[in-house]
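Visitor: Read in order, the letters of the sequence shown are residues 15 to 268 in the numbering used here.
Be aware that a few hints might be false.
To be verified - So the derived label-pair ranges between C-beta atoms look like this: (1) LEU118 to GLY199: 32 to 38 angstroms; (2) ALA43 to GLU218: 35 to 41 angstroms; (3) VAL264 to ALA144: 32 to 38 angstroms; (4) TRP52 to GLU197: 34 to 40 angstroms; (5) ALA48 to GLU197: 39 to 45 angstroms; (6) PHE124 to GLY238: 24 to 30 angstroms; (7) ARG225 to TRP52: 37 to 43 angstroms; (8) ALA114 to ASP260: 29 to 35 angstroms; (9) ALA43 to SER188: 43 to 49 angstroms; (10) ALA102 to GLU258: 17 to 23 angstroms; (11) ALA43 to ASP126: 36 to 42 angstroms; (12) ASP126 to ARG267: 39 to 45 angstroms; (13) ARG225 to ASP259: 16 to 22 angstroms.
Hints are computed from structural coordinates only; laboratory data are not their basis.
Ideal Cβ positions, reconstructed from N, Cα and C, are used throughout, including at glycine.
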Amino acid sequence: MPALAKLSGLLVAWSLLALPACSSKKAGALAPLAAPSWRVPLEVKGFGAASVAVPLGATSARPIVVVLHGQSDRAEWQCGSFRGVFGARPFVLCPAGQAAGGGLHGWGSFDDSAAELRAALAALKARFGAHVAKGAIALVGYGEGAAIAAELARQEPSFFARVALVNGDPTAFSSTASKIFAERGGKRVLFFCATKPCDERGAERAVLLQRGGVQAKSVLRDVGPFLDQPFTDALKGEMPWLLEDDSRFVPPRR
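Based on the sequences and whatever the hints tell you, model everything.
Guide: Okay, structure coming up:
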């Protein structure tokens, strides 16, 4: 299939999920969301099973966070860690990626990875129905997954409008990608770094994005390379900034 046709198919699938909600149901009218556990496997047609952290008991549509894991990683590990980062309100969807042996996974080509994400989003909607909110999603790329996240944001910035590259190479967000993201609906980009070189590159990219009107910043935290408690605690502190002005991530006032 030509690359343009592949991209067109991806954009159509994502745009359907991004359409504004038009349900006649009042907020809170949904039955409480039930699942066997707070984290469940999700069968994805043509790919390995994704892992999903679900908002158990939700009675309203909830937003989506997509997390793309690193090299020699596992989707369920990422979903466990990022559930702690984002809390229990959103769906946290973690695609499996490409098997790398020993039960671990990496990523294949960008086209294959994008197709897997498209299928995973469709599977999420099919399984959880009206509990899945329409609209833009938050996208996290950790380690190796940062390069894929940056390219996804370049191709469809209004859908992947809030992006965090975590312990990944900020230069994956090229100057061209920064320009396109700013011009076509991108809102916020966070470069979260554990090393000074990463932070320096992130700061350079943040300036490019800011010039285009995007809210962007690079932060350096004294944490190790692994998603342990100190790392996730530090990252969690940046989420209010990343998700600012998106009311779907904020519990309604009682």
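Visitor: All hints are to be evaluated individually against the structure, with a verdict given for each.
Guide: Checked hints:
no., hint, in the structure
1, LEU118 to GLY199: 32 to 38 angstroms, "35 angstroms, holds"
2, ALA43 to GLU218: 35 to 41 angstroms, "48 angstroms, violated"
3, VAL264 to ALA144: 32 to 38 angstroms, "20 angstroms, violated"
4, TRP52 to GLU197: 34 to 40 angstroms, "39 angstroms, holds"
5, ALA48 to GLU197: 39 to 45 angstroms, "42 angstroms, holds"
6, PHE124 to GLY238: 24 to 30 angstroms, "29 angstroms, holds"
7, ARG225 to TRP52: 37 to 43 angstroms, "41 angstroms, holds"
8, ALA114 to ASP260: 29 to 35 angstroms, "34 angstroms, holds"
9, ALA43 to SER188: 43 to 49 angstroms, "44 angstroms, holds"
10, ALA102 to GLU258: 17 to 23 angstroms, "19 angstroms, holds"
11, ALA43 to ASP126: 36 to 42 angstroms, "39 angstroms, holds"
12, ASP126 to ARG267: 39 to 45 angstroms, "43 angstroms, holds"
13, ARG225 to ASP259: 16 to 22 angstroms, "20 angstroms, holds"
When held up to the earlier numbered hints, the structure conflicts with 2 and 3 and fits the remainder.
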